[in-house]
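Student: Single-letter residue listing:
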Amino acid sequence: MSTIKELYAYRQMIFSLVKKDLRGRYKGSVLGFMWTFINPLLQLIVYSIVFGHFLTAVNETVENYSLHLFVALIPWIFFSSSITIGAASIVAQKELIKKIYFPRMVIPISYVTSCFVNMLLCFIVIFAVIFVMGVGVNFLAVLTLPIIMIVEYIFALGMSLLTSAITVYFRDLEHILSIVAMAWMYLTPVVYSKSVVPEKYRTLFNLNPMTHIIDCYRTVLYYKQVPDLSNLLMAAGLGVFFLIFGTLVFNKLQKHFAEEL
Amino acid sequence: MADNEIAIEVKDVAKSFKVYFDKGSQLKERLLFFKRNKYEERRVLKGISFTVKRGEAIGLIGRNGCGKSTTLKLLTRIMYPDSGKITMNGRVSSLIELGAGFHPDMSGRENIYTNASIFGLTKKEIDARLQDIIDFSELEQFIDNPVRTYSSGMYMRLAFSVAINVDADILLIDEILAVGDANFQAKCFAKLKEIKSHGTTIVIVSHSLGQIEQICDRSIWILDGLIRADGDPKEVDLEYLDFMGNEMQKSMNTGNLTGACETERHGNGNARIEKVRAFNSDGEEQSVFRTGEKIVFKIDYSVREKVFDAVFGLGVFNSNGVSCYGTNTRIDRFKLFNIEEDGTLEIVLEEVPLLPDLYSLDFTIEYGDGIPVDYCRHIFKIEIISGIGDIGVARIKHSFLLDENIEKKDEK
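As they're listed, the protein sequences go chains A and B.
Quick note on this note's numbering: the first sequence kicks off at 325 and runs consecutively.
Quick note on this note's numbering: the second sequence kicks off at 4 and runs consecutively.
Watch out, some of these pointers could steer you wrong.
[What the hints assert, rightly or not] Derived lysine-lysine pairs resembling DSBU-like cross-links, with alpha carbons at most 30 Å apart:
{"#": "1", "chain 1": "B", "residue 1": "K338", "chain 2": "A", "residue 2": "K423"}
{"#": "2", "chain 1": "A", "residue 1": "K423", "chain 2": "B", "residue 2": "K88"}
{"#": "3", "chain 1": "A", "residue 1": "K418", "chain 2": "B", "residue 2": "K14"}
{"#": "4", "chain 1": "A", "residue 1": "K343", "chain 2": "B", "residue 2": "K56"}
{"#": "5", "chain 1": "A", "residue 1": "K423", "chain 2": "B", "residue 2": "K126"}
{"#": "6", "chain 1": "B", "residue 1": "K237", "chain 2": "B", "residue 2": "K338"}
{"#": "7", "chain 1": "B", "residue 1": "K338", "chain 2": "A", "residue 2": "K418"}
{"#": "8", "chain 1": "B", "residue 1": "K194", "chain 2": "A", "residue 2": "K579"}
{"#": "9", "chain 1": "A", "residue 1": "K343", "chain 2": "B", "residue 2": "K384"}
{"#": "10", "chain 1": "A", "residue 1": "K576", "chain 2": "B", "residue 2": "K338"}
{"#": "11", "chain 1": "B", "residue 1": "K400", "chain 2": "A", "residue 2": "K422"}
{"#": "12", "chain 1": "A", "residue 1": "K344", "chain 2": "A", "residue 2": "K576"}
{"#": "13", "chain 1": "A", "residue 1": "K423", "chain 2": "B", "residue 2": "K194"}
{"#": "14", "chain 1": "A", "residue 1": "K329", "chain 2": "B", "residue 2": "K14"}
{"#": "15", "chain 1": "A", "residue 1": "K422", "chain 2": "B", "residue 2": "K338"}
{"#": "16", "chain 1": "A", "residue 1": "K423", "chain 2": "B", "residue 2": "K301"}
{"#": "17", "chain 1": "A", "residue 1": "K576", "chain 2": "B", "residue 2": "K237"}
{"#": "18", "chain 1": "A", "residue 1": "K423", "chain 2": "B", "residue 2": "K400"}
{"#": "19", "chain 1": "B", "residue 1": "K237", "chain 2": "B", "residue 2": "K21"}
{"#": "20", "chain 1": "A", "residue 1": "K423", "chain 2": "B", "residue 2": "K190"}
{"#": "21", "chain 1": "B", "residue 1": "K126", "chain 2": "A", "residue 2": "K344"}
{"#": "22", "chain 1": "B", "residue 1": "K301", "chain 2": "B", "residue 2": "K338"}
{"#": "23", "chain 1": "A", "residue 1": "K576", "chain 2": "B", "residue 2": "K21"}
{"#": "24", "chain 1": "B", "residue 1": "K88", "chain 2": "A", "residue 2": "K422"}
{"#": "25", "chain 1": "A", "residue 1": "K329", "chain 2": "B", "residue 2": "K88"}
[Said to hold, decoys possible] If we take Cβ atoms under 10 Å as the criterion, some of the chain A residues that face chain B in the derived model are:
{"#": "26", "residue": "G348"}
{"#": "27", "residue": "L368"}
{"#": "28", "residue": "S372"}
{"#": "29", "residue": "K423"}
{"#": "30", "residue": "Y425"}
[As the list claims (entries may be wrong)] Just some of the chain A residues that point at chain B, by a computed CB distance under 7 Å:
{"#": "31", "residue": "Y334"}
{"#": "32", "residue": "S340"}
{"#": "33", "residue": "K576"}
{"#": "34", "residue": "K579"}
Please keep in mind that the hints were generated in silico from the structure rather than gathered at the bench.
For every residue, glycine included, the Cβ atom is placed at its ideal position computed from N, Cα and C.
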């Protein structure tokens with residue numbers, strides 16, 4: 325409880341770190357802030373070619389593969405960058421941590437938030453694509469989108485608290501996580517549809533909160549339906565669990581940050 | 004005593020660090036080189052306790068590595084103690100790392116917001132202080148330029164202005180007032196006194212005892228992780244200086260010049276200065292003195308070949324290399340003398356008016372016509388301290404005579 329109160333007092337710091345991160349990220353590159361949009365678009369092109377034209381076996385039933393992929397890929401990029409690059413966030417800010425006091429959680433929170441803002445900006449592109457393709461949207465379904473985003477944010481934050489704190493003591497984690505993130509993507513229905521997962525593996529897939537989260541995005545934006553709330557509720561439960569667990573671990577480990585860094 | 008009167012309570016706090024001889028933080032290294040993970044546990048604080056009342060200002064003194072900076076880091080909660088308890092009542096601000104989070108490409112104004120937010124201020128609070136901060140930094144005309152265009156002095160001024168305008172209940176300071184030029188330092192000092200008069204609790208770590216004596220009500224001397232003395236700065240500082248004077252004598256001024264660097268001395272070597280010592284008015288050997296104190300130098304010299312018409316001299320230089328005073332027996336119109344055998348020269352300096360600084364001294368033996376016999380540059384160092392905040396090179400005896408129609412207040 326006191327953690328929340330203190331974080332609230334430091335809200336301005338979170339705000340200015342997010343601003344600094346968003347402004348500073350592409351500093352010095354020619355295209356600058358445009359990379360926020362170009363990067364996911366290029367990834368989309370690669371995956372669309374590979375899975376839409378060459379490895380089509382798993383996606384035969386999908387009508388508009390690019391859009392099917394796009395609405396899942398953007399939320400996935402948010403999640404994976406939260407855990408991989410987010411893991412390094414504490415180590416990256418070591419100068420600040422060694423020299424001055426502030427609630428340490430501010431750093432992963434502002435990092436995940438800036439990734440989140442990036443995702444929101446990419447959603448502008450998603451809606452533009454939907455509009456250009458003439459697919460259209462279901463307004464009632466789109467209203468549930470913020471809820472899905474919040475659930476994903478909670479889960480991503482929990483994971484990033486966990487990974488960023490452990491990375492301080494165990495630097496290999498940062499590199500291990502990039503592989504884990506890749507494997508996790510293929511174990512989540514991002515490049516394929518949930519329906520192609522064999523029945524016997526379904527339970528396993530359902531334990532992965534990202535399965536539900538990605539599925540919800542797709543239901544809303546691709547199938548234009550209101551998502552199944554029970555799925556979302558399960559994801560939310562797992563998200564909250566990880567957030568609490570991440571917070572506890574983080575609070576325990578943060579006491580020795582200044583010495584380990 | 005009521006709880007709300009205590010600002011800081013430190014109880015039996017101990018802290019040790021693991022000093023790895025060769026640390027690997029990767030899995031491979033940890034497994035493969037299991038033996039390398041040897042470390043030595045260094046106990047920096049061995050159990051210290053003290054309380055600070057609200058509105059009190061204390062100074063932590065002690066030599067390098069004694070644990071005073073660690074204490075300050077524990078107070079700011081950058082680190083946590085291994086055992087013991089620290090209670091802080093009120094908002095804490097620290098002047099430990101100035102300019103934390105400054106972004107070179109952002110303007111001074113934006114950096115004020117970033118930096119102040121790290122101290123936990125909200126946008127509204129920063130808005131309210133913005134003008135004060137800018138005024139204090141004297142950077143009004145540059146405030147919208149990127150910080151990378153600032154000189155390092157301007158940078159520090161901006162950073163200090165932010166930190167000092169946070170309006171904390173407890174202010175922790177590590178070796179400040181080395182910021183900017185003399186004018187700005189004086190201004191910072193005045194601001195600190197003003198803050199103190201508003202009831203802010205202040206903890207200062209400093210090597211400059213003069214600063215501590217001016218601001219603090221109490222000094223705590225930490226020696227090897229334990230509190231050695233706690234009390235009135237004037238008394239504790241003296242005790243500390245005595246101790247340090249002895250230690251310094253052992254290390255810095257061995258006084259023995261036989262191994263001294265030859266480039267720092269020249270002359271034909273017919274007579275050599277062998278050893279220099281400094282004493283206070285009570286005849287105690289020391290190398291730290293107060294402004295206005297008497298200093299006696301004893302110089303042992305040896306003679307290889309008779310020196311005719313000898314002249315002894317000394318020169319005093321401050322830390323900027325400025326010559327503060329120099330004289331010799333010829334300037335003093337001594338009758339000519341020869342030195343034939345080994346002996347000891349005494350130079351008595353009465354009421355040395357030099358202000359706080361680290362001074363180096365030259366001692367010389369010359370022939371009457373100025374040809375050097377043994378000219379030793381910067382061979383001895385003394386430190387001057389003072390509890391009065393006057394600035395410059397030397398204290399000029401002075402008095403202010405107020406107009407009679409000014410009414411004097413009773414208090415001070």
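Student: Hints first: check each against the structure and report whether it holds.
Tutor: These are the hints, each one checked on the structure:
1. K338(B) <-> K423(A): violated, 62 Å
2. K423(A) <-> K88(B): holds, 21 Å
3. K418(A) <-> K14(B): With Cα atoms ~29 Å apart, K418(A) and K14(B) stay inside 30 Å; holds.
4. K343(A) <-> K56(B): The hint is violated at about 40 Å.
5. K423(A) <-> K126(B): The hint holds at about 23 Å.
6. K237(B) <-> K338(B): Status violated; Cα separation ~44 Å.
7. K338(B) <-> K418(A): violated, 68 Å
8. K194(B) <-> K579(A): Roughly 33 Å separates the two Cα atoms, so the pair is violated.
9. K343(A) <-> K384(B): With a Cα-Cα distance of about 51 Å, the restraint between K343(A) and K384(B) is violated, given a limit of 30 Å.
10. K576(A) <-> K338(B): The hint is violated at about 78 Å.
11. K400(B) <-> K422(A): violated, 46 Å
12. K344(A) <-> K576(A): Roughly 28 Å between the alpha carbons, so the hint for K344(A) and K576(A) holds.
13. K423(A) <-> K194(B): holds, 23 Å
14. K329(A) <-> K14(B): holds, 26 Å
15. K422(A) <-> K338(B): violated, 64 Å
16. K423(A) <-> K301(B): Answer violated: K423(A) to K301(B) is near 46 Å, above 30 Å.
17. K576(A) <-> K237(B): violated, 43 Å
18. K423(A) <-> K400(B): Status violated; Cα separation ~43 Å.
19. K237(B) <-> K21(B): With a Cα-Cα distance of about 36 Å, the restraint between K237(B) and K21(B) is violated, given a limit of 30 Å.
20. K423(A) <-> K190(B): holds, 25 Å
21. K126(B) <-> K344(A): holds, 15 Å
22. K301(B) <-> K338(B): holds, 21 Å
23. K576(A) <-> K21(B): Holds, at roughly 19 Å.
24. K88(B) <-> K422(A): Roughly 21 Å between the alpha carbons, so the hint for K88(B) and K422(A) holds.
25. K329(A) <-> K88(B): It holds: about 22 Å lies between the C-alpha atoms, which stays within 30 Å.
26. G348: Nearest chain B Cβ about 7 Å off; hint holds.
27. L368: Violated - the Cβ of L368(A) stays beyond 10 Å from chain B, reaching only about 31 Å at its closest.
28. S372: With a minimum Cβ separation of about 37 Å from chain B (threshold 10 Å), the hint on S372(A) is violated.
29. K423: holds, 3 Å
30. Y425: holds, 5 Å
31. Y334: OK, holds: Y334(A) within 7 Å of chain B, min 5 Å.
32. S340: Holds. Min distance 5 Å.
33. K576: It is violated, given that the least Cβ distance between K576(A) and chain B is near 11 Å, above 7 Å.
34. K579: holds, 4 Å
Hints 1, 4, 6, 7, 8, 9, 10, 11, 15, 16, 17, 18, 19, 27, 28 and 33, counting from the list given before, are not met by this structure.
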